[in-house]
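I would like the entire structure built from these sequences, with the hints used as guidance.
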Amino acid sequence: MSEPVTASAPRTTRADALRFYGLWIAGATLLLVLPLVFSSGGSLTTFSLIGISIIFALSYNILLGQTGLLSFGHAVYYGIGGFLAIHGMNAIAGHEWPIPLPFVPLIGGLAGLIFSIILGWVSTERAGTVFAMISLGVGELVASSALILRSFFGGEAGVTANRTDLPAFFGLTFGPQIQIYYLIAAWVLISTIAMYALTRTPLGRVCNAVRDNPERVQFIGYNPHVVRYLAFCFAGFFAGIAGALAAINFEIANSAYLGLVQSGVVLFATFIGGVAYFFGPILGAIFVTYLQLGLTDLTAVWQLYFGIIFIGMVMFAPGGLAGLIMMHRPLARGGTLHMLLPAYLIAAVPTLALAGGVILVIETVSRYIVHADASTMVNLFGIPFDTSQPVTWVIALVLTVGGFFVARMTWRGIAAAWDRAATAARDKGHLA
Amino acid sequence: MLELIVISTLNGVLFGMLLFLLSSGLTIIFSMLGVLNFAHASFYMLGAFFGFQLTRWIGFWPALIIAPLLVGAIGMAVERYGLRNTHKHGHVAELLLTFGLAYIIEEIVQLIWGKGPMDYRVPAILDFPAFTIFSTNYPAYKMFMLLISVAIFIGLLVVLKRTRVGLIVQAALTHPHMVGHLGHNVGQVFMLVFGVGTALAAIAGVIAGPALVTQSDMAMLLGPILFVVVVVGGLGSLSGAFIASLLIGLVQTFAVSMNGSLASLFGPLDPSIGPSLLTDVWNVTIAQIAPIIPYLLLVLILIVRPMGLMGTRET
Amino acid sequence: MSAAIEIDAVNKSFGNAKIIRDLNLRVEQGERHAIIGPNGAGKSTTFNLISGYITPTSGEVRLNGEVISGLSPFEINRRGLSRSFQVTNVFGRMSVWENVRCAVLWATGHRYAFWKNVDSLPEVRERTAAILEDINLAARREVPASLLTYAEQRALEIGITIAGGANVILLDEPTAGMSRAETERAVELIRRLSEGRTLVIVEHDMSVVFGLADRISVLVYGQIIASGTPEEIRGNPKVKEAYLGEEAH
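Chains as they are written, first to last, in this note's numbering: chain H, 1 to 432; chain A, 1 to 315; chain F, 1 to 249.
If you're looking for bench data, these hints aren't it; they were derived computationally from the structure. Hints may contain errors.
[As the list claims (entries may be wrong)] From the structure, some residues in chain A lie toward chain H, with a derived Cβ separation under 10 Å:
id : residue
1  : L36
2  : F99
3  : G100
4  : Q110
[Said to hold, decoys possible] Derived SDA-like pairs (lysine to any residue); straight-line CA-CA distance at most 25 Å:
id : chain 1 : residue 1 : chain 2 : residue 2
5  : F       : K116      : H       : I117
6  : F       : K116      : H       : W302
7  : A       : K115      : H       : I117
8  : F       : K116      : H       : N223
No experiment lies behind these values; they were computed from the predicted model shown. Idealized CB from N, CA, C, for every residue including glycine.
Structure follows, in structure tokens:
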């Protein structure tokens, strides 16, 4: 799972195989015991959301990371999956069909797949910027149509279902959140294995080739349009599963499921996690879901922080979290990772000051200008600040400006330390 | 009926010209820098909000000059400190940067001005009916908007045909790979082009603000239509952007003013069927589907002419 | 038996510029055929016309007797023609192994398969390994293609081209930019790999051309001015005047 997407044939030694399967078993075990360790209702809800987000982000990465397609409309297939799952649940309950809830995500998946088959051929005709714009246009088309076709999409209110109306599954009614968690966890495991396996098939490999050089692919027998189309259909299928799970979890589907905002969130999660490694989007889904839930409690302008983190990532760490982690692997193997530590610690101080300054500026503006009725107190790293006091404004500016200039110097220190560590590792023969 | 046609044509051309103020900048930036500026509509929104704020402080006419300059300066800073550093990571990273920027600009606008609509009024001097057709008064401000956009359109033509920078831009439009051979001042040309492009968007924002609604979601509403315009017109084609702007401006304006539906044409469907997808489609009015017409047009064009109306380029 | 490649009265214009003018060329089965000519004569354009990268304005290209002009590059490739590029054109972020294996997949019939594990296809693995041996990159199989040296990338370019097992191979300046020693190794490689196939090669290095080719065609201003064995070409006064003469001083 930690193999880069572009890795070559693994040398099948026994130790490698053991490590490979060990990782999957560890992942499955983690999914199994998580709710036993954190058993509060809040954590169960959070884990459920993270699970849905993981499947959605991994499906998005079939497009962005594997095939090089930047989509602004992936939520269409997620939303369609969600709506079809709700209608499916109502139909099953209404006709008393013997289909239990755990199979409902398949309805969503198939719905996503069918819509991808219909909309995908036009969408994937070309890659690059044109694909991005078409995905946006198709996304808006479906999202706007959803508001017109009220009998199916339920207008602004959406459509609802009751998941406990479905036949029980081995005595499980799927009323309690813990049962929903395990349902989602099972689908996370199945989908993740399936999507990983997809990267190891001839199609998965050729997707990478299309991403790297769509022109050359034509001269080794492949039609890049077909490759993109197939990747698009798979992405739509798994997005549909994620949407269905969301519909099961909330027992509602509405037009927000398939809108531009939802498409943006999955793009953020996938990119912040890192598109070049299979496990990147998993990290991103966890991080972004926590950020969404955590920040909404702390601040009224959480989306602004979200955007700033995203832009920071695009500019300074385009490999995402996974890229940042995997950068350190050769140094860790070479045993020179510790050489970075002093530089990291030195840089941490002004960087944190800079971050604190920016937060203070944003919160001051937010509370002083707009939300004058809210409390003026901001708690930053345990220190209370009163945003109505000029002294706070001065501190905020000093931290931001001063922090930036000092931090920039220490970042150069990191670069220098990096060079030394890399050289040392190379001397030991650990870097190509 | 004739009244409706005349008014809708005027409004449609006006909307089309506004779209062209935006899509021309977008097209030129795309041809020169190779990046489709996702945040272009956000600069239009900044123009409207700056225009609104400056009108409060110093009046509409100074605002009409200063707001675009400010937005242009922000645009230049974005090119210099954002795009230029991201360029080495490729076009996808650049597109993502402008996507994140669109997101941030919307959040900042909301942070400062809130989510509600602004009380951005037509300047008193232009607040009178220009003429009356049949029974409808056509506002002078709309004529003023049309005048400004046509004036800028002509100005743009002159700059493109007569100046050195204009020639470079023209060369870039037809031979995008030649841009790399501009020499040492390529960075300055890029920055200037980005600044002018965003300033044009801001002018559209300042003048459209009082007529349309100045609100923090205006970029999100207009942005996707703008991309439809440039894709339908053919990426990188200025004449294509012009035709597509007018086309979409007219089509959408006419659609909004029409109340017909299949039901009104052929009589209502038998009510005993009850609500279904079919009755939805049957009873929907053209005005209701107006928002999706540009996207339908996009899909149709892509099936018939994947390059766009006037496009010559693969990517 | 029909010729491997037949170019029949092909014209190609870009706007007003006629790049290829009434081009006729016949490459027999199993022949090693070199196309030479001064810069801008249209050699790469000819390759682009044969391989389907561009379509002729008029005229016909036939592969083993079948008309291929107007087909897509991948359709032509599936009919047994493969080409390399003058500017190295590989899959940069993928390893050497992956690069060659992708080129093997279509020909081994796995195509768009998404139900097979790509690592457990013995014939794919063996063929990929054999090609890596052939192009001397077996030791570099894990390295991303973008990190290879120039000569290694050129070798990989040839490896990708032959991996599909095409019968007709087009090589566009395979030794351009190589040192003397590298060129000699590359020629040896090309000679070995083109055994039993039809080879068309565009090349500037005359020692490579005369050492390798069974027949040579000289292209000047979009037209073939002479075609024949190396001896005939060497003795042809028209060629001397148009091309070799320039090269001599």
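**Q.** Indices of hints not satisfied (ascending)
**A.** Hints 6, 7 contradicted; others consistent.
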